[in-house]
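For the protein sequence lines, the chains are A and B, in the order given. Residues in the first sequence are numbered consecutively from -16, following the working numbering. Residues in the second sequence are numbered consecutively from 476, following the working numbering.
Treat the hints loosely; a few may be bogus.
Some, not all, of what chain A presents toward chain B, calculated at C-beta under 8 Å [to be verified]:
(1) V50
(2) N59
(3) M131
(4) G298
For the record, the hints were derived by calculation from the structure and aren't laboratory data. Quick caveat: nothing in here was measured; it's all calculated off a predicted structure. Note that beta-carbon positions come from the ideal geometry of N, C-alpha and C, so glycine has one too.
The primary structure of each chain is shown beneath.
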Amino acid sequence: MSTREAPPVAGSGASRTPPPGTNPDAAAGAPARRKPSKPHRVPFRARLRRDWPLLLMTLPGALVLFVFHYLPALGNVVAFQDYNPWAGDTPLQAFLGSEWIGFGNFENLFSSNAFWEAVWNTLSITAFQLVFFFPLPIALAILLNSVMSTRLRSFIQTIVYLPHFFSWVLVVTFFVQMLGGAGLLAQEMREAGFQPWNIMTNPDTFIILVTAESVWKDVGWGTIIFLAALSTIDTNLYEQSAVDGANRWRRLWHITLPGLRPVIVLLLILRLGDALSVGFEQFILQRDAVGRGAAEVLDTFVYYHAIATGDYGFGAAAGLFKAAVGLVLILAANKMAHLLGERGIYSKS
Amino acid sequence: MSVQLATKLRKPSGRPAWEEKPTPVGLAVKGLVLTGVVLAVIVPLWTVVVTSLSSRQTINEAGGLVMIPKGIDASAYVVIFSGGTVTRALWVSTLVTVGGTAISLVLTVLAAYGLSRPGSVGHRSLLFYFLLTFLIYPGLVPSYLVVTGLGLKDSLWALILPTAVSVFNLVVIRAFFQAIPQELLDSARIDGASELRILTRIVLPLSKAVIAVVGLFYAVGYWNTWFNALLYIDDNDKFPIQRILQSIVLQGQSPTFSGLPVGTSMPPTLAVKMAVVVVAVAPIAIVYPFIQRHFVKGVILGAIKG
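Next comes chain A alone, as it looks inside the complex (with noise of 0.2 Å):
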């Protein structure tokens, strides 16, 4: 009711009356949203007339983007320069007072041993978490699924979700607690005359507990996806199945799972579009605890050959090849799944 005499007031914007000769505001508009196909019947200027408030909200936003997204992808170009943050008062000034030097940076980074050691733990933790941790979640979802009782499953889910909302910085500080050197499980142990092991400076061992906890993290959270697509599942399908004499295995195999199919196999492709990402500050955490050797991957690699030793162009460059790579990576996943004849996740835009 307000808003009806609202106008004088607010409405200046938008309520501002087209025109004579093109079509009133609300007329026009309607139905050219409803027709998505016929956008063009309402003349460039008009619809600028009818939309600019819509533009302005977008603005702030879209500026914020640029300057944190788009600025810094833009300055990947440090990568093809000898940056030197001492050559002007401003990393602006400093950027321009710099040499460039081609692919020198590269040619520097394939040739480091130390970078190419990243690549292999980056890829072996990638490799070792789809094994380990990517079925996980689609296991729990069918375990949760069949729990008939509605209460006890949503209790079940209030408590597997909550990890995902810790920081790692927690998460690390939990595992310390419980499985390190001086935390409860070394502690029982000892009471029961056991020599108690130290996973959490196991250089040998790290793969399995960075695993460890991102399941401990994140395999509730992980379940979301799939208990939608498990609901949205034809129940009669079940039921007939089983009327002809399928038991609940063949049924898990049969309906189940390639019901559960697209869902995994978008997952699929966002993981492997991310095989050069593993998490950043679970790594940077834990580095000094185990060593370098297991625990340096792509990301941690950059930040100590920029950030800490000053760097910038030679750890720009790993950065470059991080994202390059990615890109590449994420798009033929995406084309793989479309001669699969999945949707994959480009599939309309």
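Following the hints, put chain B in place on chain A, whose structure we already have.
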């Protein structure tokens, strides 16, 4: 515990007639796995809370972390809230979380509304501009140079602005806005309401659930901010709580306390550490249950659209 769970699982309340009776072994395995998963989350939380509330004697008797509470001794909390490192960090984190969430929500809601109408001027290219951020990765080094180049080093803005707009959250809100019947907005428009007025008077009141979820996502992100603080904040007085948590609990540095009367006996270090963990978890654990029932909708909407 698992027996209790198993009996609950056996309740035939919703099991359709065609489904075979669950086998005892199957039920036991199911009960054990689910109990294990739940305990894996609860036990660490429980232990940390109990230890933070334990006296020196209890901690010494247990030989470290305490699982069975024996009386409550809140002296660790008295100490960390008395002023000094932890108290200051809590203020910093609160400021960043509240301010950051407000800024993020305003920016995201405005942009989501601006992008919610296919057919408006520049709609397709603007949407492309926002969605392209999913594919183009800015890179750590140039981001660092931009943020420091803007003079944000040692400024709390460095913890807010770089993460102020999450396109994922924007897509979630936009999908929600688009599901609102357009006739409702059209009638307001005929009545002459401005877009801003439509947004604040009609769209937002209908979108409380999604705003709550996205607000939680943003708030959790700001509360948990750690790496940006590592990059951009060198001044100890501006450390957020996660950074303090890292230095006290993981790196073993001792916090300073300023407001304690002289001669106060210090609570055990372990209790103080665990109390810091608890105050870092508490805001999340308190807000979370109220918003939890909304997320499934939010996450799935975003996942489908994204």
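Less than 8 Å between beta-carbons is the criterion; does A/V50 satisfy it with respect to chain B?
holds, 7 Å
Given a cut of 8 Å on the nearest C-beta pair, is the interface hint for A/N59 held or broken against chain B?
holds, 5 Å
Is the interface hint for A/M131 satisfied, with its Cβ closer than 8 Å to some Cβ of chain B?
Status holds, d = 5 Å.
Taking the least C-beta to C-beta distance, is A/G298 closer than 8 Å to chain B?
Result: holds, 5 Å to nearest chain B Cβ.
Violation of the numbered hints given earlier is absent; every hint is satisfied by the structure.
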